[in-house]
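K.L.:
Sequence:
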Amino acid sequence: MDLRIFFLPSLPIHKLNQLPRSPGIYYITAFWLVFYVGKATNLRRRWSGKNHQRYNQFKILAPFARLHYKTMPRHRIDGYEKAEIDRLRLPWNQSRVPDFYGLVGFFIWVWFWIFFYFALIALAARIAFLLLWQR
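Position one of the sequence shown corresponds to residue 38 (this note's numbering), numbered consecutively onward.
By construction, these hints were calculated from the structure, which means they are not laboratory data.
Just so you know, not all the hints are guaranteed correct.
Mimicking SDA-like on lysine to any residue, the simulated pairs with C-alpha atoms at most 25 Å apart in a straight line are [to be verified]: (1) Lys107 / Ser85; (2) Lys96 / Asp136; (3) Lys119 / Phe166; (4) Lys87 / Asn130; (5) Lys119 / Phe72; (6) Lys87 / Phe43; (7) Lys96 / Arg113; (8) Lys52 / Arg124; (9) Lys107 / Arg124; (10) Lys107 / Tyr117; (11) Lys119 / Pro60; (12) Lys52 / Gln90; (13) Lys119 / Ser47; (14) Lys119 / Pro46; (15) Lys119 / Trp148; (16) Lys52 / Arg83.
Could you build all of it, start to finish, from the sequences and the hints given here?
P.N.:
So, in C-alpha coordinates, the structure goes:
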(Lines of atoms letter the chains of each structure in order from A and count residues from 1; the text may use other names and numbers.)
(Lines give C-alpha, C1' and ligand atoms only; values in the text may rest on other atoms or scores of the structure.)
Protein backbone atom coordinates (compact mmCIF):
# COMPACT_ATOMS: atom_id res chain seq x y z
CA MET A 1 0.00 0.00 0.00
CA ASP A 2 1.29 3.42 -0.94
CA LEU A 3 0.79 5.64 2.10
CA ARG A 4 1.46 8.78 0.05
CA ILE A 5 -2.16 8.59 -1.10
CA PHE A 6 -3.31 9.42 2.43
CA PHE A 7 -1.29 12.64 2.43
CA LEU A 8 -3.06 13.99 -0.67
CA PRO A 9 -5.79 16.58 -0.17
CA SER A 10 -9.07 14.91 0.77
CA LEU A 11 -12.71 15.58 1.56
CA PRO A 12 -15.49 13.63 3.27
CA ILE A 13 -18.57 12.72 1.22
CA HIS A 14 -20.67 15.64 2.49
CA LYS A 15 -18.10 18.19 1.26
CA LEU A 16 -17.51 16.92 -2.28
CA ASN A 17 -18.97 20.16 -3.64
CA GLN A 18 -15.69 21.76 -2.50
CA LEU A 19 -13.56 19.70 -4.90
CA PRO A 20 -11.54 21.72 -7.41
CA ARG A 21 -12.87 22.09 -10.94
CA SER A 22 -9.54 20.79 -12.25
CA PRO A 23 -8.74 17.51 -14.00
CA GLY A 24 -7.22 14.84 -11.83
CA ILE A 25 -7.19 11.42 -10.22
CA TYR A 26 -9.22 10.52 -7.14
CA TYR A 27 -9.07 7.69 -4.60
CA ILE A 28 -11.92 6.45 -2.39
CA THR A 29 -10.46 5.48 0.98
CA ALA A 30 -11.67 4.31 4.38
CA PHE A 31 -9.99 2.65 7.36
CA TRP A 32 -6.56 3.35 5.83
CA LEU A 33 -7.54 1.23 2.79
CA VAL A 34 -7.90 2.39 -0.80
CA PHE A 35 -11.03 0.97 -2.47
CA TYR A 36 -11.17 2.72 -5.82
CA VAL A 37 -9.20 4.97 -8.14
CA GLY A 38 -10.76 7.01 -10.90
CA LYS A 39 -10.14 9.98 -13.17
CA ALA A 40 -12.07 13.10 -14.02
CA THR A 41 -11.63 16.04 -16.37
CA ASN A 42 -13.46 18.10 -13.72
CA LEU A 43 -13.31 16.60 -10.22
CA ARG A 44 -16.21 18.66 -8.82
CA ARG A 45 -18.53 17.89 -11.72
CA ARG A 46 -17.67 14.17 -11.58
CA TRP A 47 -18.80 14.01 -7.95
CA SER A 48 -21.62 16.56 -8.07
CA GLY A 49 -24.98 15.05 -7.26
CA LYS A 50 -25.24 11.34 -6.68
CA ASN A 51 -24.60 10.05 -10.19
CA HIS A 52 -21.16 8.44 -9.75
CA GLN A 53 -21.49 4.67 -10.12
CA ARG A 54 -19.68 4.09 -6.79
CA TYR A 55 -21.54 6.78 -4.83
CA ASN A 56 -23.75 4.36 -2.87
CA GLN A 57 -20.78 2.23 -1.81
CA PHE A 58 -18.90 5.39 -0.83
CA LYS A 59 -21.90 6.58 1.20
CA ILE A 60 -22.00 3.33 3.21
CA LEU A 61 -18.44 4.06 4.33
CA ALA A 62 -19.31 7.74 4.91
CA PRO A 63 -18.37 8.18 8.56
CA PHE A 64 -14.90 6.86 7.79
CA ALA A 65 -14.49 7.45 4.06
CA ARG A 66 -12.66 10.21 2.26
CA LEU A 67 -12.06 11.12 -1.34
CA HIS A 68 -8.35 11.88 -1.84
CA TYR A 69 -7.46 13.65 -5.04
CA LYS A 70 -4.51 14.79 -7.09
CA THR A 71 -4.91 17.43 -9.77
CA MET A 72 -2.84 17.11 -12.93
CA PRO A 73 -2.90 18.14 -16.58
CA ARG A 74 -5.69 16.58 -18.62
CA HIS A 75 -3.29 14.80 -20.98
CA ARG A 76 -1.76 12.82 -18.07
CA ILE A 77 -4.88 11.49 -16.31
CA ASP A 78 -5.61 8.50 -18.59
CA GLY A 79 -2.15 7.00 -18.29
CA TYR A 80 -1.84 7.82 -14.59
CA GLU A 81 -5.19 6.21 -13.75
CA LYS A 82 -4.35 3.05 -15.70
CA ALA A 83 -0.95 2.80 -14.00
CA GLU A 84 -2.55 3.21 -10.55
CA ILE A 85 -5.21 0.57 -11.27
CA ASP A 86 -2.52 -1.87 -12.46
CA ARG A 87 -0.26 -1.10 -9.49
CA LEU A 88 -2.85 -1.12 -6.70
CA ARG A 89 -5.33 -3.76 -7.98
CA LEU A 90 -8.16 -2.26 -5.98
CA PRO A 91 -11.34 -4.21 -5.17
CA TRP A 92 -13.86 -1.78 -6.66
CA ASN A 93 -11.85 -1.32 -9.85
CA GLN A 94 -11.90 -5.09 -10.37
CA SER A 95 -15.64 -5.67 -9.75
CA ARG A 96 -18.99 -4.65 -11.16
CA VAL A 97 -21.17 -2.11 -9.39
CA PRO A 98 -23.35 -3.98 -6.89
CA ASP A 99 -27.14 -4.04 -7.03
CA PHE A 100 -29.32 -3.31 -4.00
CA TYR A 101 -28.65 -6.67 -2.33
CA GLY A 102 -24.95 -6.33 -2.96
CA LEU A 103 -25.03 -2.95 -1.20
CA VAL A 104 -26.93 -4.46 1.74
CA GLY A 105 -24.32 -7.21 2.00
CA PHE A 106 -21.51 -4.65 1.80
CA PHE A 107 -23.19 -2.54 4.52
CA ILE A 108 -23.47 -5.56 6.82
CA TRP A 109 -19.84 -6.57 6.13
CA VAL A 110 -18.47 -3.09 6.84
CA TRP A 111 -20.41 -2.54 10.05
CA PHE A 112 -19.71 -6.08 11.32
CA TRP A 113 -15.98 -5.39 11.14
CA ILE A 114 -16.36 -1.97 12.75
CA PHE A 115 -18.18 -3.47 15.72
CA PHE A 116 -15.74 -6.37 15.86
CA TYR A 117 -12.71 -4.06 16.06
CA PHE A 118 -14.35 -1.83 18.66
CA ALA A 119 -15.17 -4.93 20.72
CA LEU A 120 -11.53 -6.04 20.50
CA ILE A 121 -10.34 -2.62 21.61
CA ALA A 122 -12.80 -2.61 24.51
CA LEU A 123 -11.73 -6.11 25.53
CA ALA A 124 -8.03 -5.18 25.38
CA ALA A 125 -8.70 -2.06 27.46
CA ARG A 126 -10.63 -4.11 30.01
CA ILE A 127 -7.85 -6.69 30.28
CA ALA A 128 -5.19 -3.98 30.62
CA PHE A 129 -7.26 -2.27 33.32
CA LEU A 130 -7.71 -5.53 35.25
CA LEU A 131 -4.02 -6.40 34.98
CA LEU A 132 -2.96 -2.98 36.21
CA TRP A 133 -5.57 -2.91 38.97
CA GLN A 134 -4.38 -6.27 40.33
CA ARG A 135 -0.94 -4.87 41.16
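K.L.:
Would you mind marking each hint as holding or not holding in the structure?
P.N.:
Checked hints:
1. Lys107 / Ser85: Between Lys107 and Ser85 the Cα gap is close to 17 Å, so the pair holds against 25 Å.
2. Lys96 / Asp136: holds, 14 Å
3. Lys119 / Phe166: The given pair, whose Cα atoms are some 49 Å apart, is violated under the 25 Å limit.
4. Lys87 / Asn130: holds, 19 Å
5. Lys119 / Phe72: Holds, because 15 Å separates the two Cα atoms, which is no more than 25 Å.
6. Lys87 / Phe43: holds, 24 Å
7. Lys96 / Arg113: violated, 29 Å
8. Lys52 / Arg124: violated, 28 Å
9. Lys107 / Arg124: OK: Lys107 and Arg124 at ~17 Å, within 25 Å.
10. Lys107 / Tyr117: Within the cut-off at roughly 11 Å; holds.
11. Lys119 / Pro60: Holds: Lys119 and Pro60 sit about 15 Å apart, inside 25 Å.
12. Lys52 / Gln90: Distance of about 18 Å is within 25 Å: holds.
13. Lys119 / Ser47: Between Lys119 and Ser47 the Cα gap is close to 21 Å, so the pair holds against 25 Å.
14. Lys119 / Pro46: holds, 21 Å
15. Lys119 / Trp148: violated, 31 Å
16. Lys52 / Arg83: holds, 13 Å
When each numbered hint is compared with the structure, violations occur for hints 3, 7, 8 and 15.
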